[in-house]
Amino acid sequence: MSNNPFPLSSEDLMRAYRTMRTIRDFEERLHVEFAKGDIPGFVHLYAGEEACATGIMMHLTDIDRIASTHRGHGHCIAKGVDVHEMMAEIYGKATGSCRGKGGSMHIADLSKGMMGANGILGAGAPLICGAALASRFRGDRGVGITFFGDGAANQGTVLESMNLAAAWNLPVIFVVENNGYAESTSVEYATAVDSYVDRASGFGMPGVTVDGMDFFAVHEAAGEMIARARDGGGPALLECNVARFFGHFEGDAQTYKAKGENDYNRENRDCLKIFRDRVCDAGAATRHDFALIDLEVASLIDAAVISAKNAALPQARELLTDVYVAY
Amino acid sequence: MTRKISFKTAINEALDLEMTRDPSVIMLGEDIVGGCGAPGEADAWGGVLGVTKGLYAKHGNRLLDTPLSESAYIGAAIGAAACGMRPVAELMFIDFVGVCFDQIFNQAAKFRYMFGGKARTPVVIRTMVGAGFRAAAQHSQMLTPLFTQLPGLKVICPSNAYDAKGLLIQAIRDDDPVIFCEHKNLYSAECDVPAESYTIPFGEANVVREGKDVTIVSYGLTVHRALDAATTLAQKDRIEADVIDLRTLSPIDWDTVLESVEKTGRLVVVDEANPRCSIATDVAAYVAQHAFGALKAAPQMVTAPHTPVPFSPSLEDLYIPTADAVVAAVGKTIARAKAA
Chain A
0 MSNNPFPLSS
10 EDLMRAYRTM
20 RTIRDFEERL
30 HVEFAKGDIP
40 GFVHLYAGEE
50 ACATGIMMHL
60 TDIDRIASTH
70 RGHGHCIAKG
80 VDVHEMMAEI
90 YGKATGSCRG
100 KGGSMHIADL
110 SKGMMGANGI
120 LGAGAPLICG
130 AALASRFRGD
140 RGVGITFFGD
150 GAANQGTVLE
160 SMNLAAAWNL
170 PVIFVVENNG
180 YAESTSVEYA
190 TAVDSYVDRA
200 SGFGMPGVTV
210 DGMDFFAVHE
220 AAGEMIARAR
230 DGGGPALLEC
240 NVARFFGHFE
250 GDAQTYKAKG
260 ENDYNRENRD
270 CLKIFRDRVC
280 DAGAATRHDF
290 ALIDLEVASL
300 IDAAVISAKN
310 AALPQARELL
320 TDVYVAY
Chain B
0 MTRKISFKTA
10 INEALDLEMT
20 RDPSVIMLGE
30 DIVGGCGAPG
40 EADAWGGVLG
50 VTKGLYAKHG
60 NRLLDTPLSE
70 SAYIGAAIGA
80 AACGMRPVAE
90 LMFIDFVGVC
100 FDQIFNQAAK
110 FRYMFGGKAR
120 TPVVIRTMVG
130 AGFRAAAQHS
140 QMLTPLFTQL
150 PGLKVICPSN
160 AYDAKGLLIQ
170 AIRDDDPVIF
180 CEHKNLYSAE
190 CDVPAESYTI
200 PFGEANVVRE
210 GKDVTIVSYG
220 LTVHRALDAA
230 TTLAQKDRIE
240 ADVIDLRTLS
250 PIDWDTVLES
260 VEKTGRLVVV
270 DEANPRCSIA
280 TDVAAYVAQH
290 AFGALKAAPQ
300 MVTAPHTPVP
310 FSPSLEDLYI
320 PTADAVVAAV
330 GKTIARAKAA
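Chains as they are written, first to last, in numbering that gives the first Met the number 0: chain A, 0 to 326; chain B, 0 to 339.
Derived by calculation from the structure, the hints in this document are not laboratory data.
Do not rely on the hints blindly, as some may be mistaken.
[Unchecked claim] Below, a list of computed lysine to any residue pairs in the SDA-like style, where the Cα atoms sit at most 20 Å apart: (1) K111(A) - G116(B); (2) K57(B) - L67(B); (3) K117(B) - E317(A); (4) K117(B) - A93(A); (5) K117(B) - D61(A); (6) K262(B) - P304(B); (7) K57(B) - E189(B); (8) K117(B) - F5(A); (9) K272(A) - D11(A); (10) K92(A) - G116(B); (11) K272(A) - F5(A); (12) K117(B) - L312(A); (13) K117(B) - D321(A); (14) K3(B) - H223(B); (15) K92(A) - K117(B); (16) K117(B) - D81(A); (17) K117(B) - V322(A); (18) K117(B) - L109(A); (19) K3(B) - E189(B); (20) K117(B) - G79(A); (21) K117(B) - S110(A); (22) K117(B) - H83(A); (23) K52(B) - G83(B); (24) K331(B) - D254(B).
[To be verified] Computed footprint of chain A on chain B, listed as stretches where at least three residues anywhere in the stretch have a Cβ under 8 Å from a Cβ of chain A: (25) 7-21; (26) 282-288.
[As the list claims (entries may be wrong)] Now the stretches of chain A that chain B is said to cover, found in silico as 3 or more residues with beta-carbon under 8 Å: (27) 68-77; (28) 212-226; (29) 314-325.
Bear in mind the structure is a predicted one, so any value in this text is a computation, not a measurement.
All C-beta atoms, glycine included, are put in the ideal place defined by N, C-alpha and C.
Extracted from the complex, chain B is given alone in its bound form:
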C-alpha cells in the first residue's frame, strides 16, 4: 500500500519497522524519547522535531534518552555495535560532531581495517543537516564532506521521503558505520511511500529528470533546487537537463554521473556544503579526470560560500544555493561551449 507521507514520518516508519524486525536494533540520543525522568509524560517530545515520536510507546526501553554527552553516547553506540548490537544513535545536529568526532572517525571508521578485518561496527548515526531554519552558524551546516573524506564511513543524504525510508532501512541492516544525514528543511516534504518495508542499495544514484544538454548533480535539499532550475531551463531556453540525485555520497555512484556527462558534455554540481574540498569539487574533479574528452565546457559548481552560515534571514537566503544560481551556472557551460 502506497500513500503520501512526510520525510519525517518515513524516517519514523523505517525505525519502527526495523526495531520490530530485529531485537538487536536499539536507539540512543538526546530527547529521542523526551521527558524521561521529567514530571510530564515520557515520550513527550520524540526528538526535538518529533521524528521519533511514538516509538517509545511501542519499543520501550530499547530507546534510551541520553545525558548531554555526545562523546559518551555516540561512543557507547559504537562500542555496542562492535559487540553485536545494531544501534541507531541520533546526533541531534551534525554541527555537534565537534564534541564526539574522535569516536566516529578514529574508532568506528577504523575498527575493521585496523583490527585486520575482524571487527564489524553496524552503527547508524542519524543527524540533522542543512541551512534554512534560521538556526545560525552552529545548527545549520552541511558537513557531509567531513565524513566522505574518511574511509570506513558510509555517508547517506536522501532528498525525499521514499528514499529516506528505503535508505534508512538499508543503513540499519548494513554492517558498516553509516552517517545518515537528514535535511531539516525536508522533514515536512511529502511523497508517495509504500507502507511496507523496502531497501534502497547504497551507491546507486537516482536520475530524477532526464535531458540531453547538461548534467546537474546534487543531493539532499538542493536536488529540489536543481529540479526547479531544470524546469526553468526547459521552459525558457529549451535546455534539457539530466538531474542526478546522488542519494549516497559514500559509496558514490560514479558510473551514473560519467554516463550522463558522456551524453551531455556539460556538468554542474550543486552542493549546500562550503566550496573547498566538497562533494562539488569531488564530482567535478572526478569527471575532469575520467570524462575530460566528453566535456564541452568547464564543470561548474554551485555551493554555499566559504563562510559560516549567517543568522539574519536576508543573509541566510543568500548563503543557500538557489535555483537561479543553478540556471546561471548551466548558462556558463552553454556559453563557453558556444564560444569554443
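Isolated chain A, as found in the complex:
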C-alpha cells in the first residue's frame, strides 16, 4: 500500500493487530469466566502488555524458541499456540495443549518453539540458554527469547544466565516486562538500579529500554537485537515498560495500586488503541479493517470458550501417564 509508512507490510500490520486483539480478548474473557468460578487454580492475565509479546514474536519463526512466565497466555498466542487448545487447558480439559495436566501456568507447545509458561520466576532464562546452545550446535540460526518480569529480573537464575549467554556469545534476548509490580511489591522498592539496562552493561551486553505499550517501538528494538543475535552478535537485553490492566492474579483486589491507575492506563496507554490510531492516522488501514478483525477475534474466543466448556475432562488413568518416556 503506497500510504503505509511503517516498516511492516499491510498484511503484517493486520497480523500484529489480530494477535494483540486475540490476546486482549482472551484475557478479558478469562477475567469474566474466572469470576463465574468455572476455571480452577491460578490465572495471571497479560492484558495491557500485548504489544510486548507481539512486537517481539513478529520477528520469530518456529525454529526460534521462547521461555515464558506465569503470565504466559500472551506469549503463547503470539508464538502461535492454538487458542482453542489453550482455552481448554485453562479449563483443565483433555483437549488442552497439555491434555489438562499443565494448566494456565504450564502451557507449552514445543513444536511452535514455545518451551512453556513457567510457575517458577526466572526459571526460563537457563532453559533458553540451552535452547540457543542447541541451535548453535545444529547451525539452524535459531534465537532464544526469555521473558521475565521486573520481579524475576532479580532472580539469580536470570543473572547467571545473562553471564553465561554473554560469556558464550549465545543468541539469547533477555526481555524484562517491567509492569512496575512484583506481585504487589513496587520495582522502586525492590530494585536498586534505575533501569534494568544497567544490568545488561554489567554483563557486557547491549540493552535498550522501550515503551512496551508502543508496538512499533518494541518491534523495532527487538528486530535489531534478534537480527544481531541471529548473525552471531550475541545476547542483548530489552526492557519493555508496560502496564498490566488486571491484578497479579485473578482475585487480586490490587490495593497496592494508585486510585484510578488502571483506568488511566486503559484510557491513555492502551497498546491496541495506540496502534489502531497510528495506523489509521497514517492511512495504512481503516477503522473498518480493524472492526472486521475485532469481530473475527470475538467469535474465535467465543468458540474457544464454548468448546473448552464442552470438552471432556481427562480420564482417571491420565493421572499416571507420561511421567517418564519409559520406566
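Starting from the structure of chain A, add chain B where the hints point.
Structure of chain B alone, referenced to chain A:
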C-alpha cells in the same frame, strides 16, 4: 576384549563411546576440560579428579567448560535436551545441587507430565556422591533420596566399573532425565570391563552374592561393605547372605528384593544416606508391606547417622556404614528370629 580398568576410566570410556556414536551428545560442566582460556594447556584437568581427561582432545568444542553457575549451565543442559540434544552435565559434587535444584526438580522432572506427554528431556547429570574423602559436610553427602522422591527423574548409583560403563551408556541413550551418582571413593576401584560398548537396563538389580539366610540390600560403595560383611558371616557364623546391589534406585527392582526376602525371611538394608526417608526406609517399608508374611524378624537398617558429614577422619569413619555394623544388623535379625 575385556581388561581390568578403573571405575573412573570406565566412565571416561562410556562418555567417549557415546560422543563418538551420537553427535547430539555434548558435555557441560565446571572444569570438565580444565584450563579453558587459562595460560596453561586446555584439557589441563579433565575434571577435578580427571574423569573426563582426554575427551576434549577427541571431541573438541562439544565439551564446554562452564562459568561457576550451576543454575545456568544445569538449566542450559536441560533446555538443550528439551530441544533435541543429549547433554551430559557434570555437577561436580551432588552437594552443590542446592544452588540449581529448581532446574532439576521443577523443570526437567516435570516437563513430560506437565506438558501432557509432548516433551522429552534426555539429559544426564553426572555427579560425585559419598563420604570418606575427608571433604566434610558440603562435599560428602549421599543425597540419593532427594532425587528418588521425585517422579520424572531416574536415579542411578553403580558400585563397580563394569556397571558404571553399561549404566552410563544406557543413561545417555535414555529419553528421561537421569541423575547419575558416582561414588568418589570408587573411582580407583578396578574390575573386568569389556572395551566395546554395552548397556545395562535400568530397574534390574544385581545379586552379587547368593545365600539362603538373610537378604542384604545396598547400592554404591556400601555394596562392598555388605560383601565384606557377608564373607565374615559365612566364615564365622555359617550365615549365608543374599547380597543385592540395587544399581538403579529409580526405577528400583522390587521383584528381585521381594524374591530374595521370600527365600531368606530376613532383610538388612545398607544405605550411606541419612536415615530418615532414605533408600533404606523405602526398601524396608516396601518389604514390610509386600512380604510381611515371609519375614522372620523385623527389617534392619544400617545407615549414616542423622547428622551432617563430619570432617575429622576419626569422626567420619564413625559416620560411614561399616561391614561390622552390617554383621551386627544381620545378627539382630537372626537373634530375633530365634527368640520368636
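Going through the hints against the structure:
no.: 1; hint: K111(A) - G116(B); in the structure: holds, 15 Å
no.: 2; hint: K57(B) - L67(B); in the structure: violated, 24 Å
no.: 3; hint: K117(B) - E317(A); in the structure: holds, 14 Å
no.: 4; hint: K117(B) - A93(A); in the structure: holds, 14 Å
no.: 5; hint: K117(B) - D61(A); in the structure: holds, 16 Å
no.: 6; hint: K262(B) - P304(B); in the structure: violated, 30 Å
no.: 7; hint: K57(B) - E189(B); in the structure: violated, 24 Å
no.: 8; hint: K117(B) - F5(A); in the structure: violated, 39 Å
no.: 9; hint: K272(A) - D11(A); in the structure: holds, 17 Å
no.: 10; hint: K92(A) - G116(B); in the structure: holds, 15 Å
no.: 11; hint: K272(A) - F5(A); in the structure: holds, 17 Å
no.: 12; hint: K117(B) - L312(A); in the structure: holds, 18 Å
no.: 13; hint: K117(B) - D321(A); in the structure: holds, 9 Å
no.: 14; hint: K3(B) - H223(B); in the structure: holds, 18 Å
no.: 15; hint: K92(A) - K117(B); in the structure: holds, 16 Å
no.: 16; hint: K117(B) - D81(A); in the structure: holds, 15 Å
no.: 17; hint: K117(B) - V322(A); in the structure: holds, 11 Å
no.: 18; hint: K117(B) - L109(A); in the structure: holds, 8 Å
no.: 19; hint: K3(B) - E189(B); in the structure: holds, 6 Å
no.: 20; hint: K117(B) - G79(A); in the structure: holds, 16 Å
no.: 21; hint: K117(B) - S110(A); in the structure: holds, 9 Å
no.: 22; hint: K117(B) - H83(A); in the structure: holds, 17 Å
no.: 23; hint: K52(B) - G83(B); in the structure: violated, 26 Å
no.: 24; hint: K331(B) - D254(B); in the structure: violated, 25 Å
no.: 25; hint: 7-21; in the structure: violated (count 0)
no.: 26; hint: 282-288; in the structure: violated (count 0)
no.: 27; hint: 68-77; in the structure: violated (count 0)
no.: 28; hint: 212-226; in the structure: violated (count 0)
no.: 29; hint: 314-325; in the structure: holds (count 6)
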